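K.L.:
Construct the entire structure; sequences and hints are all you get.
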Amino acid sequence: MLAGFAIAALLTAFFLVRAIFFAVFWMGTPPETHPIEPWMTPRYIARTYDIPRADMQRILDLAPDETPRQPLDSFARNRGVPVQTYIDEIEALLDARLPK
Amino acid sequence: MTDLLLLWVSDYGLVVITLATLLSCFALPMPSSLMMMAGGAFAAAGDLVLWQVCLAAFAGAITGDQTGYFLARHYGGDRLWTRLRRKRASARLLAQAESLLARRGGWAVYLTRWLFSPLGPYVNLIAGATRMPWRRFVLADLAGEATWVAVYVTLGYVFGSQIEEVSDTLGNVIGALTAGMMTFLLGRALWRQRGMRP
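Chains R and U supply the protein sequences, listed in that same order.
The first sequence finishes on residue 107 if you use the working numbering, and the numbering steps up by one all the way, no holes.
The second sequence finishes on residue 302 if you use the working numbering, and the numbering steps up by one all the way, no holes.
Honestly, the hints are just simulated from the structure, not real lab data.
Predicted, not measured: the structure shown is a model, and the values here were computed from it.
Every residue, glycine too, gets a C-beta built ideally from N, C-alpha and C.
You can take every hint at face value.
Only some residues are given here: those of chain U computed to face chain R with a beta carbon under 8 Å:
(1) 107
(2) 110
(3) 111
(4) 145
(5) 146
(6) 149
(7) 151
(8) 264
(9) 266
(10) 273
(11) 279
(12) 280
(13) 290
(14) 291
P.N.:
Take a look at the structure:
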């Protein structure tokens, strides 16, 4: 039981340190610098990064009333476009907007 | 790995969330809290519906917990428990666990749903094996899983793009709390043992 106690105490310390590390990392990264990822859906991207609907429609080449509910990854695959192309275009838009 | 799971959530939606919470009740390593947060984030964006995300996660979790409880209760868990209790090596520890569960079983079930969630699957099995009254188990289970789902889906809804960072931090906080609680319980048991054998 003593060994169990020692292991539990070590684990507690381990998780505490990790929790603090991740919390510091989280506080240090502003949300708008989080990279665009293939699992994100167009609407999710538009909302989190505050991209106007018109810009999003233009980049993804959508009809005015089209709102795909699929992630960027399968959306790109259906179009036969590499997903990175869309990601780059969206990131370029965000970079242009960032304060210098 | 995380990205792949998030891709599944955005590709298949609710089914994946239900499966994740269901499997996490059997101690399978499932980042179910991250997936619930993803569900909340997609609901905020309008790609999923909030109440459906909550219901999907809740249904999976309750089904998993009840399965664990009934498997332990009806398929030999109780007999295994009785046999282990007769063994000298494990008798005392198991008797302590059983009396703790008899006195504070409802709270144990409630808190291991969300605050000490890594212990949840084992508490289901012990509750079934020691024949904890089903009514008490199910009430605490419903309340606990409702808390769990509400907390994580809300976090996802609010934090959006930061769900991965939130999940990393919170996962370790839960780990520290659980390990800390185990340290406390083991320390207390050691202390009492020392008192009995001066």
